[in-house]
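Chemist: Listed below, chain by chain, are the residues.
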Amino acid sequence: MDGIHDLGGRQGFGKVRYTQGATAFHAAWEVRANSLYAHAVRLRIFNMDEYRHAIERMDPRHYLTASYYERSLTSLATLLVEKGVVTREELERRAGGDFPLAAPSAPGRTNAEGRARFRLGDRVRVTQDSVPGHMRLPGYIRGKTGVVVGESPAYPFPDAHAHGVQSEDEPTYDVRFRSGDLWPNSAEPALIHVGVFQSYLEPAG
Amino acid sequence: MPDTDRVIQRTASVEERVDAVQAALDERGLKASEAVEELGHLAQETWIPENGARVIARAWIDPEFRKRLLANGREAVAELGLAMPKHHRHLVVLENTAQVQNVICCTLCSCTAFTIIGLPPDWYKDVEYRSRVVRESRTVLREMGLDLPPQVEIRVWDTTADTRYMVLPEQPRGTGGWSEDKLAALVTRDSMIGVARLGAP
Chain H
44 MDGIHDLGGR
54 QGFGKVRYTQ
64 GATAFHAAWE
74 VRANSLYAHA
84 VRLRIFNMDE
94 YRHAIERMDP
104 RHYLTASYYE
114 RSLTSLATLL
124 VEKGVVTREE
134 LERRAGGDFP
144 LAAPSAPGRT
154 NAEGRARFRL
164 GDRVRVTQDS
174 VPGHMRLPGY
184 IRGKTGVVVG
194 ESPAYPFPDA
204 HAHGVQSEDE
214 PTYDVRFRSG
224 DLWPNSAEPA
234 LIHVGVFQSY
244 LEPAG
Chain Z
120 MPDTDRVIQR
130 TASVEERVDA
140 VQAALDERGL
150 KASEAVEELG
160 HLAQETWIPE
170 NGARVIARAW
180 IDPEFRKRLL
190 ANGREAVAEL
200 GLAMPKHHRH
210 LVVLENTAQV
220 QNVICCTLCS
230 CTAFTIIGLP
240 PDWYKDVEYR
250 SRVVRESRTV
260 LREMGLDLPP
270 QVEIRVWDTT
280 ADTRYMVLPE
290 QPRGTGGWSE
300 DKLAALVTRD
310 SMIGVARLGA
320 P
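Protein sequences, first through last, are from chains H and Z.
Per the working numbering, the first sequence starts with residue 44, numbered consecutively.
Per the working numbering, the second sequence starts with residue 120, numbered consecutively.
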């Protein structure tokens, strides 16, 4: 989905609030939120793609104002309700107030047909695919051409795995793009590498 | 007479919401409180940047290990007793040189090789870094205190699949012959993300 989470290249955000050696956690509830979602994954209540997608389904205003661990917590609670482990009413009664959850999911899809295998050095084009469900294709590479510089072992296909749809595992390719091709005349020179699932790629000749 | 049925709508605090989830899971026998203890300890005491620092220091002093690390990161870190989650099936180690600066990010969420380089800091997960580092990398690095000479090529790696990346920083000048432990103490998490270089001690 073309959600608010797909941030790469969006303009208007300010300076990174950077401090050297910043810690990962600032409050005890953050550690608990992180542990609880990891525990639910370990119990196979949901998988990592479902977890990521439930974050993406948050109301964009909530997404932008929530801290990372609040997004984590919202995804966890949304999936626990959707999987029938708890009800929203119970969570709100226990919490003593509203418990904002993510919006419902759209259907997923299985792998692309006739997927090509690529070798290092091959030129590839990213498909124009846009789906209402989960995908791991950042919008800034859609339709763009790059060069394969790496290949991973096969992974579950996120567009299916986040939705309980049957699919084959497929490799991801590290594809190198030039920033100037991604944002013509409006990017600083750099090589941008993106891990792209095989289903999102076609030969560029 | 007070209206006791009237519900004042307010959003529960994040602490109240975490409490609610934890208690609901505990009541169903899913041992959430035990998991919070166990996984909280792992996140704060086990998955720490010192792991990655050991990997980097070993790569600096052992050329054969360095080759293995660059060829297959996941297998090489296992030699040092370091594990990665099952779904991280591949660890790509990116070698910085005087002419090349590799930088890692995750524009879609906040993925990292957290068992090796530690859980990511806030700024890595914030919208500013995620939106800007792919498009304005040199400016972002400069704002973060890394002012690279113009001839240095910047290579950004966006962690959009379950392959994980870590940066192998250059060994600081003047540290030849140092022990592995002493070298490891120089390595910072931010240098393994690629937003900092290591200066001479």
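The reader is advised that the hints may include incorrect statements.
[As the list claims (entries may be wrong)] Here are some of the chain H residues that sit facing chain Z, going by a computed Cβ distance under 10 Å:
hint, residue
1, Arg53
2, Tyr111
3, Phe161
[What the hints assert, rightly or not] Only part of the chain Z face toward chain H is listed, based on derived beta-carbon distances under 7 Å:
hint, residue
4, Glu134
5, Glu135
6, Ile167
[What the hints assert, rightly or not] Simulated pairs of lysine-lysine, BS3-like, Cα-Cα distance not exceeding 25 Å:
hint, chain 1, residue 1, chain 2, residue 2
7, H, Lys126, Z, Lys150
8, Z, Lys186, Z, Lys205
9, H, Lys126, Z, Lys301
10, Z, Lys150, Z, Lys205
11, Z, Lys301, Z, Lys205
No lab work stands behind these hints: they were computed from the structure.
We treat Cβ as the ideally placed atom computed from N, Cα and C, and that holds for glycine.
Chemist: Using 10 Å as the Cβ threshold, decide whether H:Arg53 counts as touching chain Z.
Modeler: holds (4 Å)
Chemist: Holds or violated: is the Cβ of H:Phe161 closer than 10 Å to a Cβ in chain Z?
Modeler: violated (14 Å)
Chemist: Per the CB criterion, is Z:Glu135 less than 7 Å away from chain H?
Modeler: holds (4 Å)
Chemist: May I ask you to test the interface hint for H:Tyr111 with respect to chain Z, counting a Cβ-Cβ separation under 10 Å as satisfied?
Modeler: holds (4 Å)
Chemist: Grab the minimum C-beta distance from Z:Glu134 to chain H and call the hint holds if it beats 7 Å, violated otherwise.
Modeler: holds (5 Å)
Chemist: Regarding the pair Z:Lys186 and Z:Lys205, is the alpha-carbon distance no greater than 25 Å?
Modeler: Answer holds: Z:Lys186 to Z:Lys205 is near 23 Å, not above 25 Å.
Chemist: If you draw a straight line from the CA of Z:Lys301 to the CA of Z:Lys205, is it 25 Å or shorter?
Modeler: violated (31 Å)
Chemist: Do the alpha carbons of Z:Lys150 and Z:Lys205 lie within 25 Å of each other, as the hint requires?
Modeler: With Cα atoms ~22 Å apart, Z:Lys150 and Z:Lys205 stay inside 25 Å; holds.
Chemist: Would the stated hint for Z:Ile167 survive a check requiring a Cβ distance to chain H of less than 7 Å?
Modeler: violated (9 Å)
Chemist: With a cut-off of 25 Å on the C-alpha distance, tell me whether H:Lys126 and Z:Lys150 pass.
Modeler: holds (18 Å)
Chemist: CA of H:Lys126 to CA of Z:Lys301, is that 25 Å or under?
Modeler: violated (50 Å)
Of the numbered hints stated above, those contradicted by the structure are hints 3, 6, 9 and 11, listed in ascending order.
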